[in-house]
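Asker: Here is what each chain is made of, one letter per residue.
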Amino acid sequence: MIKFNQISKQWPDGTKALSAIDFDIPKGQFCVILGPSGAGKSTLLRAVNGLMQPTAGHVAIDGVEFAPQTARELRHRVAMIHQHFNLTLRMSVAANVLAGLLPVVSNVRALLGWFTPEQRAKSCALLDRVGLDPKHLHRRAGELSGGQQQRVGIARAFMLNPEVVLADEPVASLDPKISRDILTLIRDAARERNTTVLCSLHQVDLAREFGDRIVGMRDGRIVFDGTPAEFTDERVEALYHGARWEDAPTDAGSDTVIDEFESQLVAA
Amino acid sequence: MMVPTMEIKPIPVPAMGTKVEWHLDQPYRARHLLILIAVIALLLFTGHRTEMDKMVVMTGQAVGNIVGLNSESQVVRGLSRVGESMWPPVIATREELSRFPEIDRNNLPLFASIEVREVEEQRMNVDSLEMEKHSTQVEQLVQPLGYAWTVFIKMLETIEIALWGTLLSVVLSLPLAWFAARNYTVNHFTYTLARGTISLLRSMPELIVALFLVLAYGFGPIAGVLALGLHAAGFLGKFYAEDIENADKKPQEALEAIGAGKVKTLWYGVMPQVVPQYIAYTLYILDRNVRMATVIGLVGAGGIGQELKGRFDMFQYDHVATILIAIFIVVFLLDQFSARLRAKLI
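Residue numbers (numbering that gives the first Met the number 0), protein chains in the order written: chain W, 0 to 267; chain H, 0 to 345.
Just so you know, not all the hints are guaranteed correct.
[Unchecked claim] Derived DMTMM-like pairs: lysine to aspartate or glutamate, alpha-carbon spacing no greater than 20 Å straight-line: (1) W/K2 - W/E162; (2) W/K15 - W/D218; (3) H/K248 - W/E168; (4) W/K176 - W/E208; (5) H/K249 - W/E142; (6) W/K26 - W/E64; (7) H/K261 - W/E72; (8) H/K132 - H/E119; (9) W/K2 - W/D23; (10) W/K26 - W/D61; (11) W/K176 - W/D204; (12) H/K249 - W/E168; (13) H/K261 - H/E241; (14) H/K343 - W/E142; (15) W/K2 - W/D211.
Hints were generated in silico from the structure; no laboratory data involved.
Extracted from the complex, chain W is given alone in its bound form (with noise of 0.2 Å):
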């Protein structure tokens, strides 16, 4: 379970990033943070596994508080799924997914690149899980596509069993069609493995969709926090409402958004 207890944050300029977050997150719950950008959506999540330092409150997995001697043993529990997918691009599939152990090897083994055969085996049935064939293992990260780059991504998220996975805007730069797939892919494998899922996005379909629970955040509030059932159009709308134009949904949600400009064009 994850409990945020009263996180804020303000960055050092003084703007004010989170106030006082205060919710948790009970075991194998697919959770999606849904706000427009600046919303304070990836700072929550990098306060979970310590990329980011709360100004005030804690966050606690299972009851272990972040702190510094807490860090190393709850980073192992944490995976991280990011938007810009963060690999190695000029190394092979196989070593990004394998450098997803990397906490738990020993520097010698990680400098030699001497894996156990387990540990190989536990990458290609990763791979294999997310979708990948034998023949990308060798290939560089950067000769795949950005919807293969992502399960890669997912793969090394998953390699050290996390109890917990942290996906900042896991399909921003995807199309719909891989968006979704790459979303299906992130919530069965981590309910095949009762992983907890924070996922943060900014596209209100998706959210339904894919959401166990939806928290919507704005202007480092929560301002929702619910079943995709309970978040209706109007608190689309309670959740959007003001928000500047260009911090509007873009991909899959962007048609009401469409409709609603389509309809100013006209009023005016």
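Since the structure of chain W is provided, determine the placement of chain H on it from the hints.
Answerer: Same frame as chain W, but now just chain H:
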């Protein structure tokens, strides 16, 4: 659905004959003329100090001499004297057979032959106490590729010195680069120490370092390898470190997020990215080291340079010609080789 219509405004056209109020200045002003005069004055001053005026006169004379306008040119005289003694380059060796007491006449080394030559000698007549010319028959062992082989062996030694110098510089600069990269160094002290070491190594010219190392290690390749390796480590350390600092942060962030630690992040998140540039720098250093290895040979640090210096001091310019041709061939081949290697690896 209603499509909003746009109001189209025509671009206003001025009436015929209207005078435009703008103007475009000409690009030069008095200030530029002053700058030009100052630059020319400076060039004339330093040009005279570096004898550029004399150079122009002498070169003009040389050109005039070649096309037959004037009969005297110091440059042409000097060059043709050296040029004549340089041509043809020495390929063979001739040595007196008496210097090889153990040689078997019926079983000579490959390609070698024995020639008999008449050699004139100045000898003192004991009776008249005057120098007299005597001609004697001397047997010589002629090896048609003898000197070419000597140069080849010396050139090989130079290339080996360059290779080991490069290897040494890579081994020294990799850890230096790690500590000199702001984002991977341990603390401010190690950063300053590494940067200081790199600057120090780079600021010492190979030739001077080699001079001192020859005093310390004696004549031979040790001084050469150390001199090349230390200087190049300064160069590589600086560039390796800057590439680590400039590497794409995204894969590093991914590894940091799972707590991989600095060493493993550097190896998996940074090294694969910087390898192409590292290869390019290292090949440049190898190329430079081959050229520098010939130069530092002049101060006794082994290889072809040592041979070159010896022949030059004995005015054996035909031997020098062979050596210069060999150096050119090696530098040319190395250039071809590194271009291919780069194309393959990057």
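Asker: Compare the structure with each hint and give your call.
Answerer: Evaluation of the provided hints:
1. W/K2 - W/E162: holds, 14 Å
2. W/K15 - W/D218: holds, 8 Å
3. H/K248 - W/E168: Within the cut-off at roughly 18 Å; holds.
4. W/K176 - W/E208: Roughly 13 Å between the alpha carbons, so the hint for W/K176 and W/E208 holds.
5. H/K249 - W/E142: holds, 17 Å
6. W/K26 - W/E64: Distance ~16 Å between W/K26 and W/E64 Cα, so the pair holds.
7. H/K261 - W/E72: holds, 16 Å
8. H/K132 - H/E119: holds, 6 Å
9. W/K2 - W/D23: With a Cα-Cα distance of about 4 Å, the restraint between W/K2 and W/D23 holds, given a limit of 20 Å.
10. W/K26 - W/D61: holds, 9 Å
11. W/K176 - W/D204: holds, 13 Å
12. H/K249 - W/E168: Holds: H/K249 and W/E168 sit about 14 Å apart, inside 20 Å.
13. H/K261 - H/E241: Since the Cα atoms of H/K261 and H/E241 sit roughly 17 Å apart, the hinted pair holds (cutoff 20 Å).
14. H/K343 - W/E142: At roughly 17 Å apart (the allowed maximum being 20 Å), W/E142 and H/K343 satisfy the hint.
15. W/K2 - W/D211: Within the cut-off at roughly 17 Å; holds.
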